[in-house]
Structures are given as C-alpha cells and as structure tokens.
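Fit chains B and C to the given chain A structure using the hints.
Given next are the chains, with one letter for each unit.
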Amino acid sequence: MSLTMIKKPETSNRTIPNTSKNIVFDTDDLNLWYGDTHALKNINLSINEKEVTAIIGPSGCGKSTFIKTLNRMVEMVPSVRTSGDIKYNEKSILEKSFRVEELRTRVGMVFQKPNPFPKSIYENVAYGPKIHGIRNKKVLDEIVEKSLRDAFIWDEVKDRLKENAYGLSGGQQQRLCIARTLAIEPDVLLMDEPTSALDPISTLKVEELVQKLKEDYSIVIVTHNMQQAARISDQTAFFLNGEVVEFDETEKLFSNPSDQRTEDYITGRFG
Amino acid sequence: MTSNSEARKSTVSVREMIEKKKATKILSKFKEKLVPMTLFLFAMVSILTTFGIIYTLFSETVEFFKRVPITDFFTGTVLRPLSQNPEFGVLPLINGTLISSIIAMLVAGPIGLMAAVYLSEYASDRVRRVLKPLLEILAGIPTVVYGFFAFTFVTPIIRSVWPDVDATNILSPGIVMGIMIIPMVASLSEDAMSSVPKSMREGAFALGATPLESTFKVVIPAALSGIIASFILGISRAIGETMIVTIASGSSKNFTFDVTESMQTMTAYIVEVAGGDAPAGSTIYFSLYAVAMTLFVFTLLMNLLARYVSRKFREEY
Amino acid sequence: MKYMDINQVQKKMNTRIIKNNILKYIFFIATTFGLIVLAVLLLRVITQGIGFIDINFLTSKLSTDANRAGIMGAILGTCGLWLLSFQ
Chain A
5 MSLTMIKKPE TSNRTIPNTS KNIVFDTDDL NLWYGDTHAL KNINLSINEK
55 EVTAIIGPSG CGKSTFIKTL NRMVEMVPSV RTSGDIKYNE KSILEKSFRV
105 EELRTRVGMV FQKPNPFPKS IYENVAYGPK IHGIRNKKVL DEIVEKSLRD
155 AFIWDEVKDR LKENAYGLSG GQQQRLCIAR TLAIEPDVLL MDEPTSALDP
205 ISTLKVEELV QKLKEDYSIV IVTHNMQQAA RISDQTAFFL NGEVVEFDET
255 EKLFSNPSDQ RTEDYITGRF G
Chain B
19 MTSNSEARKS TVSVREMIEK KKATKILSKF KEKLVPMTLF LFAMVSILTT
69 FGIIYTLFSE TVEFFKRVPI TDFFTGTVLR PLSQNPEFGV LPLINGTLIS
119 SIIAMLVAGP IGLMAAVYLS EYASDRVRRV LKPLLEILAG IPTVVYGFFA
169 FTFVTPIIRS VWPDVDATNI LSPGIVMGIM IIPMVASLSE DAMSSVPKSM
219 REGAFALGAT PLESTFKVVI PAALSGIIAS FILGISRAIG ETMIVTIASG
269 SSKNFTFDVT ESMQTMTAYI VEVAGGDAPA GSTIYFSLYA VAMTLFVFTL
319 LMNLLARYVS RKFREEY
Chain C
2 MKYMDINQVQ KKMNTRIIKN NILKYIFFIA TTFGLIVLAV LLLRVITQGI
52 GFIDINFLTS KLSTDANRAG IMGAILGTCG LWLLSFQ
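Chains as they are written, first to last, in the numbering used here: chain A, 5 to 275; chain B, 19 to 335; chain C, 2 to 88.
Any given hint might turn out to be false.
[To be verified] Ranges of calculated distance between the beta carbons of each label pair, as one might list FRET restraints: (1) C:T60 with B:K330: 55 to 63 Å; (2) C:Q11 with B:N321: 33 to 41 Å; (3) A:D33 with C:I7: 24 to 32 Å; (4) A:S259 with B:E34: 52 to 60 Å; (5) A:E219 with C:I7: 14 to 22 Å; (6) A:G39 with B:G70: 33 to 41 Å; (7) B:E34 with A:Q264: 50 to 58 Å; (8) C:K20 with B:I155: 55 to 63 Å; (9) B:F69 with A:G39: 50 to 58 Å; (10) B:T170 with A:R139: 46 to 54 Å; (11) A:E53 with C:K20: 51 to 59 Å; (12) C:T16 with B:N321: 49 to 57 Å.
Just so you know, the hints here were simulated from the structure itself, not pulled from any lab data. Every residue gets a Cβ at the ideal spot worked out from N, C-alpha and C, and that includes glycine.
So here's chain A without its partners, still in its complex pose (with noise of 0.2 Å):
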C-alpha cells in the first residue's frame, strides 16, 4: 500500500504532475497528420489553470501544432487530420459540434509576429469586443484602457490611440496584440513564441507580463528559449518529433530530467 503510494508520483508524472489543480485542458491520444505527415503523436497532457506551461523543443518539434490545435486554429491549414481527444473544461472541442468562434473567444491567442490590424492602436483593442456585440462607447473606452492597462502598455499609448499600429515598435505592437486578445477576457492565453521576434528589454517585459497575468488566466506558451521557460513555467513539456519527452513541474525538468534526451536538450547537446 504505502509502496503504491511512493511509486505513484513517478508513474503518473508523465501526465499529471500536480494534480491539486483545476484542470483547463486535458489532452487524451491526441494526433494530428499534416497530410501524410504525422506531426503530433499520442499527446497526454494535462494543462493546469492560472499556471503557465511551457512548451520547449527543437524546431519542427510540433510545439506550434499543438497549441494551435488547442484553439483549432491549425484547421486554416488545409488537409489536417486529428485523432484522439482534447477535453476543454471538460468538453470535447475537436468534434464539429463544438463551434470554433467560442472556442476562440474563450481561448485568446498570440502569435510568433506581432500581428496588429492596420487600424488605430484603439481599433485594434476594440475589434474583438464590437465583433461580440459590444456598442456602446463608454464600455468600449473602458474596456481599452483597462486591456491596455493589464498588458502595461498604457502609459506608452495612451495619448496616440487614434494613430496606427504600425508606428509602433515590435515590442510595443506585440503587448498591443496581447492587450487585444485580453479585451475579449479570455480563460486561456495562448503565445507562440511571442518574444521570438523581439529585442531583450521588450522579452523582459512580456516576460514580465506573462509572470502578472498568471493570476487571472491560464497561459500556454511555446518557445525555444529554454531560459524563459525556466525562469516564467510552472509546469514545463518537452516535444520531440511530435511526442511529448517529459512533461513535469519546471523546477524539476530542468534540475533532473528522467529522460535522457530532456537532459540532453537542455544540456545543450542538440536542438
């Protein structure tokens, strides 16, 4: 009995490292083929919320598949298949019932470019709220400046809404695309690789804006940084071809890895 119970955390730690939290995503034999190529194998796993998991790997690791397929995003690509299951507050989102419009209006997503609209700075915040029926324009105001406010990036914009995005810096523009999808008050953030294209001063503070949001929302971030991982996860996976390595608490994985190839990627030796 008491054996089973030491032995537990070990078995069980490829899925479920920690399993006192709220379950947001739970992934069940997840495939998914890019025509003939198989990009995501067997995936299990478990997303805790208001906690952030990093998703390290190699590049072409399928790290960008998988959380796109966590908003069905990955359906723009013509001649993608799934299998399995991906369980969203336990609901089922891959099947065709589930509409992807709510999918994604609950799980807000930022890109590896800044990708603002070529609108006013304020238009691109108030886009998600006017297309889910928001009007009036004393909440539209609110709501702008309290995104803007959450994505510390107010006090840089607040006297040019009116002027265009595209005058901002990559930065800039990439807390401005993440204060637009926090005005639709998502559950879940998810970043792919958001700071790729960004100098070291702009990483820190959306680093530091991932640490803040945290408190509020469950955040899913790739990256090939394995620095960041380690310095803003909680739980941290690490692809390989399309297969989940290691998935563990952050400390853990990157202390004392139980794979090989984990100890070798962060090590260095590859990737």
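What follows is chains B and C alone, placed relative to chain A:
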C-alpha cells in the same frame, strides 16, 4: 586553418577564371550594350505612337473649336450634327457615357466584389483554381457578341417585365457592360485581398471572428486601395466601351436621365460618324476629334485617379 | 470586473454564425452569376448559330443574296489583321 587556406586558394582560381573569361568576351560586351539599345528603340516606338495620337487629336480638336465655340461644345445640350443648322453640344454624349458607366458599375461593383470575397476568403484552393479562370473567360468574349446579346436577349427580358422600356435603351447595354466588367473587378479585387497577409486573418480568427467579420472589418479595409483601383479601372473600361452601346442603345442623341430611353455615348458617336460618310474637312468630321479628345481626357483622369487612390489609401502592414 | 457577458456573447454568436453562412451562399451565387450568363450566352450563340454553319458558309465570299453569302472574306481579314499585329 587548412580548410581556410584551401578555400582561399579556390577563390583565387575562380577569380582567375573570371578574368580570363572577361578578356575573351569583348563581343559579349558589345552585345550587352546593343540589347538595351534595341529594347529602348522598341519602347520608343510605342511612346512615339502615343504622342502621335495625342498630336493628331489635339490639332484637329483645335481646328474644330475654330468653327464651333468651345463653350457651345461643352455646355450645349443638343447634338444635331446632320441637320441643316447643326448643333454640337457634347453634353448628351457625356450624359450617355456616364449613365451607361454608372449602370455598369452598379452591376459589376457589388457582384465583382462579392465574387472576389468568395474566391479569396471562402473558396478552397481547388474551387478557386477552377472558378477564377472560368470567370475570366467572360472578359475574353468579343464585345460585339455582348452587343447583340444585350439587344436580342437582355432587352426583350427587361421589356417583358418593364414594358415602358424602348427597344433600344441604355439600361440593357449598361447591364451587359457590367457583366463584362465583373471578371475584371473580381480578379483585381481578389488579388488585392489575397495579398493581405494571412497573419491578419489569423489575428481576427483568434479573437473568435467569423470569416465574414474578418473579411469586412480586417481584410477589405486593408485591401481598400486595390479594391477602389479595380473599381476605377472598371469605370474607365466602361467609359471606353464601344460596341455594346452602339448595338443596343441606338443612336438617338437624347439628353435625358431616363434609362428606358435610347442614348448615345461618346464612343458610339465616334463609331456612327466614322462609319457614316463624314467628308474630311467638314465640321462633323472635326467634331469626331473633339469628342475623342474629351473621351481621352475622361479615361486619362480615371487612370490618374486610380493611381492616386491606390497610393493614397495604401495601408502599411 | 467583467465587461463581456458570456450569455450575451453566446446569444450573439448564433446570429453571427447564421449571418456568415447566409452571406457565404450569396457570395457564391454572385460568383456563379457571371458563369451562368456565360453559359446562357454560349448556349444561345451555339444553338442559334450552329444550323447556319456549313462548308459553303465558311468558304463563300460576301454576296447580296443571303443564301449564297459566306464569311471567307471576313475570316481572311481577321487573320490578316491578326498576323499584322503580331509582327
């Protein structure tokens, strides 16, 4: 170190080879200069032709205005070139041209834009690759064919639902002209919309937008310059269109806004006069050039406008 | 503080998705409108014209007698112009 020096050695030999080649290629140097010269001459031919046309138009127009006062020409609402005491007011022709172009754009604008939206935002790659070339066949049909299509098919249909319409009227050729322009508007607008980066759409979809919302609130605003330019090019195509209106709108030079009546456009007037027997040197002969000049100014302005708009509304992304 | 009311968003979403689907069909019809006209045009030209095309029609010259008239001259003229503009 060894690999480094090896690399250096190989560069040296490549350089030598290049030098050697150069020395033997005086002939090719001559060719290098000859080809641009020849191409320049060819380019000059078309430029000189254009200047020739403008010169002829201009000089003959000046001759016309010696006989008919320029104010009479541009303010006159009566065009009676063949009567005993002829009058040369160009307004009926301008009116006919504008009305037929407006009708054409009322057809081609919305339908072309909707087709562009479908092709660029909704259709799968396979569907687009079939539909777009098929649609472009429409632009390749000879305009004479459209002309008698308007006269023998569209006009009777319109008359069966709206009996007031004359046998020759401006409505039917306007509509058919619009159909002819649809592929132009659709194709150019589709190009403009397809060149909006995919990341814009992803941004909108990631916020829970439907394809419709991403199209109308992100893609179309971003592609606006190209879309407006396609409209303006469509209008200038309609202004310059000749055969459809000549065949289906008759030749009465009414100055009216009633689309059920026959009107004449500038191009149709030119066809009528040039095809009839206008003796060289007569006033009616010179009126051809004055009308042609007006037409030329119209299309030129449209093209300049298209260029201005596509620069002015270009959004950076 | 929450500005987005989940129920409200859900309710809106139905109409938004329906609107999208309806307009998708309208856009498709607009695309095929041109093709339908094309089909009608070709059909009319072919069904009304095919009966008059025979070898005599293609090879005879113009004539005031409609029964003997042909388009050889017109074909040659078109070809001539065509060749000239290609030079």
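How the hints compare with the structure:
no.	hint	result
1	C:T60 with B:K330: 55 to 63 Å	holds (57 Å)
2	C:Q11 with B:N321: 33 to 41 Å	violated (50 Å)
3	A:D33 with C:I7: 24 to 32 Å	holds (30 Å)
4	A:S259 with B:E34: 52 to 60 Å	holds (59 Å)
5	A:E219 with C:I7: 14 to 22 Å	holds (20 Å)
6	A:G39 with B:G70: 33 to 41 Å	violated (58 Å)
7	B:E34 with A:Q264: 50 to 58 Å	holds (52 Å)
8	C:K20 with B:I155: 55 to 63 Å	violated (32 Å)
9	B:F69 with A:G39: 50 to 58 Å	holds (56 Å)
10	B:T170 with A:R139: 46 to 54 Å	holds (51 Å)
11	A:E53 with C:K20: 51 to 59 Å	violated (34 Å)
12	C:T16 with B:N321: 49 to 57 Å	violated (43 Å)
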